[in-house]
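Student: Below, each chain spelled out in residue letters.
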Amino acid sequence: MAGDVILKVRDLYRTYDIKGGMFKKASTLTAVKGVSLDVERGSTLAVVGESGCGKSTLARMLTMIDAQTSGLIEIDGLPIDISQTGISKEMRQKVQIVFQNPYGSLNPRQKIGHVLEEPLLLNTDMPSAERRDLALQMLEKVGLQPEHYGRYPHMFSGGQRQRIAIARAIMMKPKLLVLDEPVSALDLSVQAQILNLLADLQEEMGLTYVFISHDLSVVRYIADKVMVMYFGEVVEYGTRDEVFENPQHDYTKTLFAATPRADVDSIRKRLAAKAA
Amino acid sequence: MTNTSPASKADPTKLQAESRNATKAQLLEFWYYFSQNKGAVIGLVIFVLLVLMALLAPLIAPHDPDFQYRDSFLVPPFWEEGGKAAFLLGTDAVGRDMLSRLIFGARFSLFIGVVVVTIALVGGVVIGLVAGYVRGMTDTLIMRVMDIILAFPSLLLALVLVAILGPGLINAMIAIAIVLQPHFVRLTRAAVLSERTRDYVVAAKVAGAGHIRLMFKTILPNCLAPLIVQATLSFSNAILDAAALGFLGMGAQPPTPEWGTMLAEAREFILRAWWVVTFPGLAILVTVLAINLVGDGLRDALDPKLKRS
Amino acid sequence: MPLLEIRNLKVEFDTAKGPFKALDGVDYTVDGGEVLAIVGESGSGKSVAMLATMGLLPDTATITADKMEFEGLDLRTLSSRDRRRVIGKDISMIFQEPIASLNPCFTVGFQLGETLKTHMGLKGRQARDRVVEILTSVGIPNPGERLSAFPHQMSGGQCQRVMIAMAIACAPKLLIADEPTTALDVTIQKQILDLLVQLQQDSGMGLIMITHDMGVVAETADRVIVQYKGRKMEEADVLTLFENPKNPYTKALLSALPENATGDRLPTVSDFAEAGGF
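Chains A, B and C, in that order, give the protein sequences. Positions in the first sequence are counted from 1; adding 402 to them yields my numbering. Positions in the second sequence are counted from 1; adding 496 to them yields my numbering. Positions in the third sequence are counted from 1; adding 253 to them yields my numbering.
Excised from the complex, chain A in its bound form (with noise of 0.2 Å):
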């Protein structure tokens, strides 16, 4: 298992370059700075940090929504430098996103079953009674019934959406999937059955994540290796057991701290503290 890296990141850069005006100076903002990681074939990266730490940048560029400014990445043996080469439909098969507001990542006017055939009819030359015979066996295996293939998005449920938002990211077997965010929106009810349809899916298709979270419980159950963020620098970078026993950074220390505790012991103490 181990050196079965599929997602190779060095040294990754983004620059964005802020227009001057009439009274003010043309700057650029580095939103992400020197990122590199590796990740293992079927294992699960997540990425923590707070709004604004470059997290998203992160994502848009390994799912080739944006350039990067410099630096290398490499998806499954495969350079991307979109700006450099452009994208291949080989490129994009190899890596897809899910967003995190499953109300405004699905086409209002376009149906279920078109949501999730456009990949494979833009990219592969399927006939269209194939195509739609994927579509239904994802539907499925998403946990949604076939009748769903004809609705529009607006009859579905925040959590049934982003159901579909991760079946129209698998319909053409990417290797690495980005999920940014994908239940921070959610309930927790519908949290806890999002993560686990996530969890088998991986397990069934060997897929690999990156998983991108402010949200500590939820990456603490989900993933293999954490990286912090912080003002677009990697500040703690190692395996979750590493990261939650053992914080390096002040950051990472703030940031565990002030997360909330629903155990017993932790009210307890609040409430001993209170009546003190």
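Please keep in mind that the hints were generated in silico from the structure rather than gathered at the bench. Be careful, since some hints might not be right.
Below, a list of computed lysine-lysine pairs in the DSSO-like style, where the Cα atoms sit at most 30 Å apart [as the list claims (entries may be wrong)]:
id, chain 1, residue 1, chain 2, residue 2
1, A, Lys-543, B, Lys-713
2, A, Lys-575, B, Lys-520
3, B, Lys-701, A, Lys-577
4, B, Lys-713, A, Lys-491
5, B, Lys-701, A, Lys-410
6, A, Lys-655, C, Lys-443
7, C, Lys-443, B, Lys-520
8, A, Lys-575, B, Lys-713
9, B, Lys-510, C, Lys-270
Following the hints, complete the assembly by docking chains B and C onto the known chain A.
Tutor: Chains B and C in isolation, oriented as in the chain A frame:
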């Protein structure tokens, strides 16, 4: 992968029925919100009647609209003294039946509305989509040109255009379409700007959709709601402008029974024979009002901000 | 006498698909100096109850209750003018989206001053001093300079602090916080929760926390009401609820927390629904 899952054996006809149900539910919901607006329903009924009248004009019009009855000039409507039952709404200065001319006039007005809105909508949507999607210099250039067009008083610009192209109904329609089109461009661009960064567009991009597909298949259908409302309002605007051009002698030429042209022809008889101006004016008023009411109802039904309790 | 007492509250909305029952006979009581948490998932009606109390629901809502009293004052029969006098002064509320809750056209100082003018009759110098004092108490650095800042010039956490400042400006007896930290980062959430609890303890006001996050409940509440689909599932003090939940739905919620995961899979609410029959 094995093909033994029950899903792959699902009955395709059943799936199609389900898909149709979803479409039907969508339409039913639309109709629910539209029908909440009583004015809109009344407007729609009037509009449908107008369309029927225009389509069936040769069948329901009592006379040929261009035939001049030499023995009955300026006959008043039948309820007035001197009115004839043969000419229900009277005749004009050269003895043509008012009612028949009005009925045939509906054809021209609706035709003008449809053609003008189609030209303005298609042109405006394409230009607006490009501006909003491409951004940068293209966007700036397009929007400044639109600003220049909008800076002219619309009727004046239409007059100038007709003067260049030459008077006539077709040229008038082209001129009005050009004048109305910047509104569509701005509206489309604004809608595209708000939609293009949404996650579903990014998702389609990740799935491999090209620029043309993203613009027309992914983004455009989600920008349609304000455009449909604007299209109905422009429809009535087009009728009004065409009537105005007709009145100024720059639109449809006599003897075409276009409502604005009819008004122009009747100008000198305003004091002597009220019916020759009142009825074409009323026809324009009722049509424009009905269409605006429908537009209002469409806005209620399509604007997601106003519904969703 | 409890601060706020509501008996058998029912709220119904008219929608395109017929009436929708958002709340079905729920009781609430809050005492002064107490932190009550109302927990539930979306659609549980947790916000609706408090919006109904504040009179902030749209016209499509029908509200009925056997009793709805704030300090013995019947809120049901209150005219909207009298209601305004109570709301904003004795009861105030903060919302989920701090940046959207502030008017982008006016400075923070002006918006705070307006609240003081309306309810306390403070003007000019006096109002300004009080505003600075309140901003200091909610932990805004350089409050004197911050007065002339517009909402978009501040971060989400700071905006929420300003919202809290506005809510406590008139020393309310009851503060309702509707998901006050959901839109904020974890480290900021911690600061805001600490601030809210601190203010509550210092002033002895009642605090109602509406939230979906069990962690927030555990960190702040004295007493908890668990709601599901417009009905009350369980009401208990916080330790009892976490230590020994009675209701199957509460049990399901607690075990769906990833930090409580024991095996490979997370138990979901539907696993419990079959067993518990709710």
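Student: State for each hint whether it applies.
Tutor: Consistency of the hints with the structure:
no. : hint                   : verdict
1   : A:Lys-543 to B:Lys-713 : 28 Å, holds
2   : A:Lys-575 to B:Lys-520 : 33 Å, violated
3   : B:Lys-701 to A:Lys-577 : 18 Å, holds
4   : B:Lys-713 to A:Lys-491 : 20 Å, holds
5   : B:Lys-701 to A:Lys-410 : 23 Å, holds
6   : A:Lys-655 to C:Lys-443 : 13 Å, holds
7   : C:Lys-443 to B:Lys-520 : 48 Å, violated
8   : A:Lys-575 to B:Lys-713 : 24 Å, holds
9   : B:Lys-510 to C:Lys-270 : 25 Å, holds
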